[in-house]
Amino acid sequence: MNLDVVVCGVGGQGVVTLGRVVAGAALREGYDVRLLGQSGLSQVGAPVMVHLRIGAPAGPSPKVPLGAADVVIGLERMEALKLAPYLRQGGTALLSDEAVRPYEARFRPQRYPDRQCVEAAFSGERVLWIPALDLARRHGPPAYVGAVMAGALASVSNVVDRDQLVLALRAERPQEADAEVEAFFAGYEFLTGADD
Amino acid sequence: MSFDPGSSPAPSALLGVEACARGALEAGARLATGYPGTPATPAIEYLLAQATEHLSVEWAVNEKVALEVAAGHSWAGLRSFVALKMSGLNVASDALLSVATSGTVGGLVVYVGDDPGAYYGMVEQDSRLYARLAFLPMVEPGCEPDEARRMTCHAFDVSEAAGTPVLIRGTTTTAYTWGPVDLEPLERGCRTPRVPFDIDRYTKAGAARCRRQHRQALARMAEAARLLDPWNQEVLGHGDLGVIAPASVWGYVAEAVERLPGNERPHLLRIAVVHPLPEERILGLLSRCRRVLVVEELDPLIEERVRSLAAELPRPPRILGKRQGLTPEVGDLDPDAVSAALDHLLDREPQRRAPRRSANLPPSLAPRLLTFCPGCPHRSAYVALERAIARAGYRKDEVIVTGDIGCTILGMNPPHSLCRTEVAMGSSIAVAEGFVRAGVEAPVVAVIGDSTFFHAGIPPLLNAATKNVRLTVLVLDNHHAAMTGFQPSPTQHRPIPGAPAQPLSIEELARAARVRRVRKTLPYFTRRLSRVLATALRSPGVQVVVAEAPCVRRSTARVVIPYQVRPDRCVGSERCRPSCLEAVNCPALETNGGETEVWIDADRCLGCGLCAEACPRRAIRRRIRSRRRLP
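Chains A and B, in that order, are what the protein sequence lines are.
Numbers 7 to 202, taken from the working numbering, label the letters of the first sequence in order.
Numbers 827 to 1457, taken from the working numbering, label the letters of the second sequence in order.
I should point out that these hints are in silico values taken from the structure, not numbers from a laboratory.
All of these numbers come straight from a predicted model, not from anything done at the bench.
Wrong hints could be hidden among the right ones.
As the list claims (entries may be wrong) - Derived DEER-like restraints, expressed as beta-carbon distance ranges:
hint, chain 1, residue 1, chain 2, residue 2, range
1, A, ARG144, B, ARG1384, 18 to 28 Å
2, B, PRO1056, A, ASP184, 46 to 56 Å
3, A, PRO180, B, ASN1294, 33 to 43 Å
Where is the CB? At the ideal position from N, CA and C, for every residue including glycine.
Isolated chain A, as found in the complex:
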């Protein structure tokens, strides 16, 4: 069973941490893992992209080929557009509606994409919107959006076990584990609840 994931967002949202949590969980389950974090600078607000390949063995290329990702996760609305070419046919896009507007877009709202624009970029593939920032704030600081999205991933893919994800989350962020695990389950239940 292979799982290729591409995650996108901006610095400060915990994109690399989210990748580490999922990759750590897959390692615990005995999978081979490659995680490529193309983080930019350690600056708040810089675009970040992470490629994650899980399998036995994982795909040889550290970058996910175009049109091959089973799941793409977007933590920021405009950055999510970069994910569209990676999603395979029949794959799932998990997108947070959070908007981190560039300087110009603060004065010219038309220069920032709305939901319809992003959905159109995914041309008919399954797009699930998750109010990750609201869910994260209910349990702690905005940086918990990564945990919320990890929970959302657990509800759409069973390649990586949910409980292993929780363990990996606790291992990655030991200081603030309990509140962050609650945020994880908020993301998980938001999607599983919607299916019922």
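Use these hints to put chain B onto chain A, whose structure you have.
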């Protein structure tokens, strides 16, 4: 590799660059040094976290110093490891060539991180050329961190056996690929330092001596290449097609070849020793093939060598690569680019239809320009500089501001839009002097960070000070190399863990250089800083202004009192000129797209108060009730 699922502890996994550092640790390196620079930074960071009594790890003041310390250490017979980014190797290159011709005693391994794709915004350079320039063997791990670990370990043995430094080349992709590694026990042997008197080997004066050293360096390189050769690897395929690629892009080749049916797979040569190239193996592959594709990132170094070797054969195969435009010379590769090149080699229709969805953002969208973090002292300093320019009676576009490497360069982006140039570490001061010498009438300001100043900013300051050029140097001292991950700078450096801090003083250095006027202030006191800067702009001679406040991401403050917008006073960003958004562009200020209302994200605000100061309607206030504790 198999692991018990469930309760077992997580298996070890490292980044590729960390795995190289791990290899150095296992090989018994006793010194690790470098200067922060992405993508090489995590090597030293990893070793700092693993510090043992056997290993001393430090950030050097710059890469040249790091390499020289390591050279002395290895000439005393102990193993040493250096990690730097490609621009750092440029800084260290003067020492590199000299050390290479003298060779080593204890193993000396230098990790250099290249950045194809320029993800971290520097000149896209191919450091393999340095191996050729300095007569040094260079190996390159692929995207398996465990291979990087074993290769570095072996490089130390080879360095000692052949007596030459060994270069390890990482790329952003191989350095930042995280994957499982097998950890092995550390080498714990103890060596006594011994420094021999051998001027024929360790000095350069004298032509005959230098020629002898040159000859010896070439011989050592050939010996090292022989010892490292088992890292190169051939995979026999079918037919008369071949693919040659270095290990750094091997993952993409393997991905593309995996999709081919077994009887169509070409002969493959994976090159791990990228200098000197394994010519025997290349000739072996060429003699089997009619057409050979060479895949590599950046310069076509392997491709050109392969083409010249092919010309020696009686029936030379056709060599395909960058010359035919099959892969780009600019930017990094990806599995799809390699697939397309392979399809060309196999003369067939593209196997993977390009997805209908475009990879580029529509041009109608606003570009994401980097800006300072909320509460950053640099933002306050740039706002103060803008006000100082007005206070001194100039328009913003009249005054010339040169920028430097690091977070401080973000003054080039709106709303500040001040820095016009960024050259290399420390260059802001010398470039500014050049503008003055060209006869620019208006004031010229060089803005530089503290770590950059110590790295390479002191010589240009001395140059300007001795010539008494009219120049203002604004040093933004936040005690860190922040952009690369908050490494300590010498203004707060602790030489030995546990010893009291002995911070260096930029003001005292400037005074010792006979700078005309030296002033220091907190950047958050924007009014005071702008007064000091305005005086500096109007004054003759070199003026140094130090704006000192620790990086806000490493602040020791434990309680934050965020600011809030009073909706009854705020008229909205559209009707307000200049609005807080235009004046400070803090990421904690939020607008709701089309609507004009502004509010402050209380979770992101760190309470610097710059927006409150900028608000013409005094609509932004501190709210003590919403104070929050930081973890």
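*Does the Cβ pair ARG144 (chain A), ARG1384 (chain B) satisfy 18 to 28 Å?*
At 24 Å between Cβs, range holds.
*Cβ distance range 33 to 43 Å for PRO180 (chain A) and ASN1294 (chain B), holds or violated*: Violated, at about 56 Å.
_Does the beta carbon distance between PRO1056 (chain B) and ASP184 (chain A) stay inside 46 to 56 Å, or does it fall outside?_
About 50 Å separates the Cβ atoms of PRO1056 (chain B) and ASP184 (chain A), which means 46 to 56 Å holds.
Comparing the model with each numbered hint stated earlier shows that hint 3 is the single one that does not hold.
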